[in-house]
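Engineer: As numbered in this note's numbering, residues 224 to 438 make up the sequence shown, in order.
Among the hints, a few may not be true.
Claimed, not checked - Once the Cα atoms are required to be at most 30 Å apart in a straight line, the calculated DSSO-like pairs of lysine-lysine come out as:
hint : residue 1 : residue 2
1    : K364      : K319
2    : K319      : K366
3    : K274      : K319
As the list claims (entries may be wrong) - Restraint-style ranges between C-beta atoms, simulated for each label pair:
hint : residue 1 : residue 2 : range
4    : R231      : R315      : 16 to 22 Å
5    : E244      : Y333      : 48 to 54 Å
6    : E244      : P327      : 22 to 28 Å
7    : D240      : A323      : 38 to 44 Å
8    : R361      : G230      : 42 to 48 Å
None of these hints come from the bench; they were simulated from the model. By construction, the Cβ of each residue, glycine as well, lies at the ideal position given by its N, Cα and C atoms.
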Amino acid sequence: WNLHMIGRDVEALEYLDRAAELAPQWPPVWVDRSQTLIALGRLDDAVSDAKRAVEITPAGDTDPLPGLALGLALLYSGEWLEGFRWYESRIRYRFKEWAAYPYPIWRGEYVNTLFVQAEQGLGDEILCLRWLPEVARRVGKVKYFAHREARRLIENQDLPDNVEISAIPAPVPEADAWVPGFSIPVALGSVEPLWAGPYLTAPNPIGLGHPKRFK
224 WNLHMIGRDV EALEYLDRAA ELAPQWPPVW VDRSQTLIAL GRLDDAVSDA
274 KRAVEITPAG DTDPLPGLAL GLALLYSGEW LEGFRWYESR IRYRFKEWAA
324 YPYPIWRGEY VNTLFVQAEQ GLGDEILCLR WLPEVARRVG KVKYFAHREA
374 RRLIENQDLP DNVEISAIPA PVPEADAWVP GFSIPVALGS VEPLWAGPYL
424 TAPNPIGLGH PKRFK
């Protein structure tokens, strides 16, 4: 694994192959092989190894890494919806504090007020903006918490009137349910519909020409 982390993936795979021979029923071997195979561009093999890690994980084992590895391998392979479903394992792996939120995670049903939280990096947040209009269509009001650096950009978008933008960090709002950005496709049951047409307009602070639009 250390060899993988410094980019020596071919060597890493050689050691992991040997580890798999010695301990074929140990899930971390297949998790690490899957991540190394992604780096080598062997995506089908990466998915296969991650599935094996999930399959041999004992019942009742709460380790989120096999599921997370499968989610990542599927996403890299373009299996978006199934990948996002397995990527829910990231919550138990990295965001355990979310369990303290005083409301249930949203699964696509109508609620009066929904708290939507940006997560991870700015690029991740911009990606997840594609689904925000559909989220807003399904609920009464959206309280969207954006990264502070992205707030101005997001407020510049043609968002539905029932979307209220706040910047992270802020006190947890009153709401009936909540959803983090990468859980939205799971809640919608689809990676579609996306924002129709170009979905991002950059502010033009110096007033020259037209705002740049990104597809």
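Engineer: Enumerate the violated hints, using their earlier numbering and listing them in ascending order.
Structural biologist: 4, 6
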